[in-house]
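K.L.:
This is what each chain is made of:
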Amino acid sequence: MSVNQALAQVSGDFMIAALIVYSLAVLAFAGDFAFGRPRRAARPAAGNAAGTTAAGTLAAAAGDQAAELAAVGAAPAAAAAGAGMTADGAAGPDGAGGACGAAGAAGAAGNGAGGSGTVLPERRESALRAIWEAGPWVRAAVTLNAVGILAHVVAVVTRGLAVHRAPWGNMYEFVTALTCVAAIFFGYVMLRYRAWALGVFVMGAVVIALGLAETVIYTAAGPLVPALQSYWLSIHVTAMTLATGVFFVAAVLGIMYLAAERYRARVAAGKAQPGNGLIARIPSPAQLDKLTYRTVIFGFPVWTFGVIAGAIWADQAWGRYWGWDPVETWAFITWVVYAAYLHARATAGWRGRRAHYIQLLGFASLTFNMLVVQVFITGMHSYAGVG
Amino acid sequence: MADVHTPRSTSAGTGATGSVTRGTAPEPPHGGPAQPPVPPAGWLRWGWRQLTSMRTALVLLFLLALGSVPGSVLPQQGSNPSGVQQYFTAHPALAPWLNRLGLFNVFAAPWFAAIYLLLFTSLVGCVVPRTFRLAGAARTPPPRAPRNLRRLPHSASYESALPPAAAIEAAAAVLGRQRFRLRRSGAGDPTSWVSAEKGYLREAGNLLFHLALLGVLVSIAVGGLFGYKANKLLVEGQGFSDTTAALDEFHPGRLVSGSDLAPFSLTLKSFSASYFTSGESRGQPSSFDAHITYSASPGAPSHPYDLRINRPLSVDSTKVYLLGHGYAPVFTVTDARGRVSYEQATPFIPANTGTMLSEGVVKDPNASLGFMGVFVPTAVMVGGTLESAFPAPDAPVVSLIGYSGNLGMNSGVPQSVYQLDTNGMTKIAGSPHLLLPGQTWRLPGGRGSITFTGYRQWVTLAITYDPGQVPALVCGMLALGGLLLSFMVRRRRVFVRAAASGAGSAVTVGGLARTDASGGFEDEFASLAAELATAGPAGGSAGGAAGRPAGGSAGEKLEPSNQSETGA
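These protein sequences, in sequence, are chains A and B.
Under the numbering used here, the first residue of the first sequence carries the number 1, and numbering increases by one thereafter.
Under the numbering used here, the first residue of the second sequence carries the number 1, and numbering increases by one thereafter.
Same shape as in the complex, but just chain A (with noise of 0.2 Å):
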């Protein structure tokens, strides 16, 4: 079937929407950085911010409602049940969670100190409302943010409609449904743990990442070669592709942990002014410790499941499931450096940064995959489309 040469077109103006949309969406992520509403926990009334600074401060990306990020802090790990017993006044072991815990699922307990009365633990508010209360640069982030995911989602379906195929049969359409998928798994961490203190960093990434995309390896619309012409190309590549874009929000959330847990050893050290810059503004080190994990273990079965129907695939295509082609290989190390990021971060001496290492070292595995075995190491995946 040939070319919608129509439809082609619509995709690629909406891509390029999208992309400025994003672009305009990480400044207004930006703008609440600098010129945002002050956030409670900064304030002194935090009290046991005291020695967690960079929690207490940033847990405040929720603006009034400390209870925000609290969904991240107040998670349910022993190691973290300090927080949720702030209560009873006693900050966290490690800050984790700190500040924000109090007010948030787990603090009822100790409202209810001394009493018997009726004190159950309140729901959060919704994410709108929050959103709402954060302030308007936040709203306009959030709101950009969401109309650049809508012409993005519009690109990627019409692109798909223009070829008869799912839209990601060649490098430049991977990236690009990639970042759709980035794109939409931030929103919904966004929503879900109120993290839009992360939003200038992950789009950031993506609008990097699509900007490259569309000037490096643009590929105009154009049909597939017989190995290609398979219903498998929709579920491996798809698996593939919303694990890549679940592994890339994590891989920027570990950078995002090394430089907060650095700024928080030197803090501890007397280093640095606690409070301070751009950095006391993100969560704290718990928290995106937390938030990339459960980023992790969200892209973790996929990239499995991805790998087994690309097995699959490989055994209706190629005769075997398993050849260990250079990218099958990569692959698979991908797999086990980020199964070994999951062991770390249940090995004594493993936690924290060096398990991060690790997670990020997974995702430069991948990286590597997709744009040096695939385009340059002549294999059976050699289908980039790219050069």
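Everything labelled a hint here was simulated from the structure, so no lab data went into it.
There may be inaccurate statements among the hints.
Pair by pair, the computed Cβ-Cβ distance ranges are [unchecked claim]:
hint : chain 1 : residue 1 : chain 2 : residue 2 : range
1    : B       : Ala262    : A       : Arg192    : 48 to 58 Å
2    : B       : Ala138    : A       : Arg192    : 28 to 38 Å
3    : A       : Arg353    : B       : Gly47     : 27 to 37 Å
4    : B       : Val474    : A       : Ser234    : 15 to 25 Å
5    : A       : Thr215    : B       : Ala93     : 40 to 50 Å
6    : A       : Asp13     : B       : Ala137    : 50 to 60 Å
7    : B       : Ala90     : A       : Val375    : 18 to 28 Å
8    : A       : Ile312    : B       : Gln238    : 28 to 38 Å
9    : A       : Asp13     : B       : Gly279    : 17 to 27 Å
10   : A       : Gln5      : B       : Glu249    : 37 to 47 Å
11   : A       : Tyr231    : B       : Asn148    : 56 to 66 Å
The beta-carbon is built from N, C-alpha and C at its ideal position, and this holds for glycine as well.
Fit chain B to the known structure of chain A by using the hints.
P.N.:
Below, chain B alone, put in the same frame as chain A:
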């Protein structure tokens, strides 16, 4: 990594392997005199603990990833033998050393096997004890409720109109309906309480994941032992039976012999390839169709089948795949006396898969003639050089370089059918010579002639049998299922205590998620607490199992707080 042995006390929120205290090994006591300083059993136990520790597993995972890297960077014997040859030619000093390290066959190398076997041993050493522990936990009732539930990460309190024992029964009914495992305060307890626990599937899923990986490894081994792979090149019009003699390449598993092959036969009727003729993808293939007939066994009826990429043929659990294609120009060679000494389609190998410019040789020992040829499907002259403009045979031309003399085919040294040994031959004048279909080149000196009568197409087929395939798929899906369970299920405990307060009782609820990988227990606890608070006398009757409502008064006022959320 100085202190290796750390009894691991991972608590909540741990990773894929959850809380693992690995490896108390059942070591058989050795008979020797137990010397106090270093008992051998102690050594062994220590070694086993090292192997099954999480750190070792982590290091092995790293080694596995690292060890795979050369397998993707260097050409591998299994997938790219000609690449290995080229590497040896290009790096004569380095290549033998790499070869000694097994780097051209990484995934079959002993050191690679050592890594994954150690990893799986470590895995077994970890998973088996955990399985017993889970089985034990599933038979043990939840722990007694702690004294002060407000100290737990999640807690709530409410007042009930029921007396303590009945309030606890009502709460137990609610928890029981949600399929928590329960433990109630006994008769001797001064206070009333109920403990509830749920989410054992998390650990079960985790164990399933690891055991299923083991299953994948076993399936691969089964495939390697009992399966086989073979290749066959077929020109249009030719057929073959699946016997070792007829196959071009045959790679049997360790426990496979030629008689195990499925007795089918197959004929290639015709092959067609089509290509995009316009746009950026001009010249790229759009479809390949191999029209074949096959019969499952000698004498069985023959069936037509359209073999395509992504559409293999399945006969008796053996599969036949379309792998590659090419052109086989048909030549007729006559010797010096004018007799036809060679007449057949000669497969040429694509030198450029984009344009299908193909190379091959014609060997005619009877006429003492040999030709090195190039087949050009769509010939164009670019600056005096013959090139192919398009992969389809729109303007086919062959270019031949002729040789006469001894082909060396009787020397006993095996020769490739795609190479001409010109050592004992002399080049014929007038080479290279271009021929269009139907044209004949009369060789100078009355040596004979060669006619390019036309061309046919050939395909390469892969014939594979892998009995480990289905088990590997099943294990893969089980692993995925286990992974999802271990990430999505949280193991959590909820405790309820009631103390007399006025006519009714004051009830406290505490919650603790032991593992909560994907989060969300706080929301679950909030709903649960609200439900418990409203499950007064009215709620008990619904449960049937435990509720024995004592009074008729509506217990709670207090709207469940989860309704306070407003969709602004």
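K.L.:
Look at each hint and say if it fits the structure.
P.N.:
Here's how the hints hold up against the structure:
1. Ala262(B) to Arg192(A): 48 to 58 Å: holds (54 Å)
2. Ala138(B) to Arg192(A): 28 to 38 Å: holds (32 Å)
3. Arg353(A) to Gly47(B): 27 to 37 Å: Hint holds: Cβ distance 30 Å, inside 27 to 37 Å.
4. Val474(B) to Ser234(A): 15 to 25 Å: holds (23 Å)
5. Thr215(A) to Ala93(B): 40 to 50 Å: Since Thr215(A) and Ala93(B) have Cβ atoms about 43 Å apart, the given range 40 to 50 Å holds.
6. Asp13(A) to Ala137(B): 50 to 60 Å: Holds, at about 59 Å.
7. Ala90(B) to Val375(A): 18 to 28 Å: This hint holds: roughly 22 Å between Cβ atoms.
8. Ile312(A) to Gln238(B): 28 to 38 Å: holds (31 Å)
9. Asp13(A) to Gly279(B): 17 to 27 Å: holds (20 Å)
10. Gln5(A) to Glu249(B): 37 to 47 Å: Holds, at about 45 Å.
11. Tyr231(A) to Asn148(B): 56 to 66 Å: Since Tyr231(A) and Asn148(B) have Cβ atoms about 58 Å apart, the given range 56 to 66 Å holds.
No hint from the list above goes unmet by this structure.
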